[in-house]
Amino acid sequence: MDSLLLPGHDVPLGRYTTVRRLLPQRTRRTVGAWCFVDHFGPDDVAGRPGMRIGPHPHTGLQTVTWLVEGEILHRDSTGSRQVIVPGQLNVMTSGRGISHSEESPADHPPLLHGLQLWVALPESARHREPGFAHHATLPVVEVGDARVTVLAGAFAGAVSPAVVYSPLMGAEVILAGSADFPVERGFEYAAVVMTGAARVEGVDLKPGDLLYLGTGLSTVRVDGDARLFLFGGEPFDEPLVMWWNFVGRSHEEIAEARADWAAGRRFGTVSAEPPLEAPAMPTVRLKARTRDGNTR
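Per our numbering, the very first residue in the sequence shown carries number 4; after that it's consecutive.
I should point out that these hints are in silico values taken from the structure, not numbers from a laboratory. Please note that the accuracy of each hint is not assured.
Restraint ranges, calculated between C-beta atoms of paired labels, are given here [said to hold, decoys possible]:
(1) 219 x 180: 21 to 27 Å
(2) 147 x 282: 43 to 49 Å
(3) 287 x 137: 38 to 44 Å
(4) 287 x 109: 15 to 21 Å
(5) 145 x 280: 33 to 39 Å
(6) 222 x 242: 28 to 34 Å
(7) 109 x 168: 16 to 22 Å
(8) 284 x 207: 39 to 45 Å
(9) 255 x 137: 30 to 36 Å
Every residue, glycine too, gets a C-beta built ideally from N, C-alpha and C.
Work out the full structure, taking the sequences as your base and the hints as a guide.
Given below as structure tokens:
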């Protein structure tokens, strides 16, 4: 298929942070099992609180946190407490239910910039016990004029240590020139630019947009002077219901998760901070959607 350039939109996140939401979109809900991409910053947080996102729940997904600049303190209901800095990776697996908070430490650096991504868990893994993993080092390889850090899956001859539950990949590419990346024909791919500008498979790409590349490629050509995130995977054929911080399969499942959160069940506790209140359920029935946005 032809590539598809999809503009993101700004979304407030907590009291102090605005993100650029790139996925899901109306016509493209997932790329492989990747179902959510937020690009935040670069924000000047000197003398300001920075990120402040109180305890909130998740179901049916993995969160993937990647920083370009700054620091974030992660805390969750498994008892994990971890500061992440650029070059490191946090992966939280919600399974049947987890809660966590994210905030800039008191002595945080002056800039905050990064990506927050979700991976939908397949039916075989979505009811598992919750967990958290921090990876202080990741494989880095050189391809053409690019320096590639592999966050998830296998790419450019390197394999990430992160545990995932679907065939997928995700990599940061720092480019000063051009590079050709061999890719899996059966995977679908997408790219987002974090800084600079790039030309990906002949399409100009800037921060704030997502370029969906589809399936059937044997290589992906990238030119420019940019830092970008290339990601993809085997097309995810399980229709999803995504609402607030939950990924499920039906309206009833989402409603049950919301009720459990409101009642203090299932999701544990993070800290003495007050938990975020879930919004009211919509007045219409939530419908499962396929990866191209059709309802089931």
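If any of the earlier hints don't hold here, list their numbers in rising order. 4, 5 and 7
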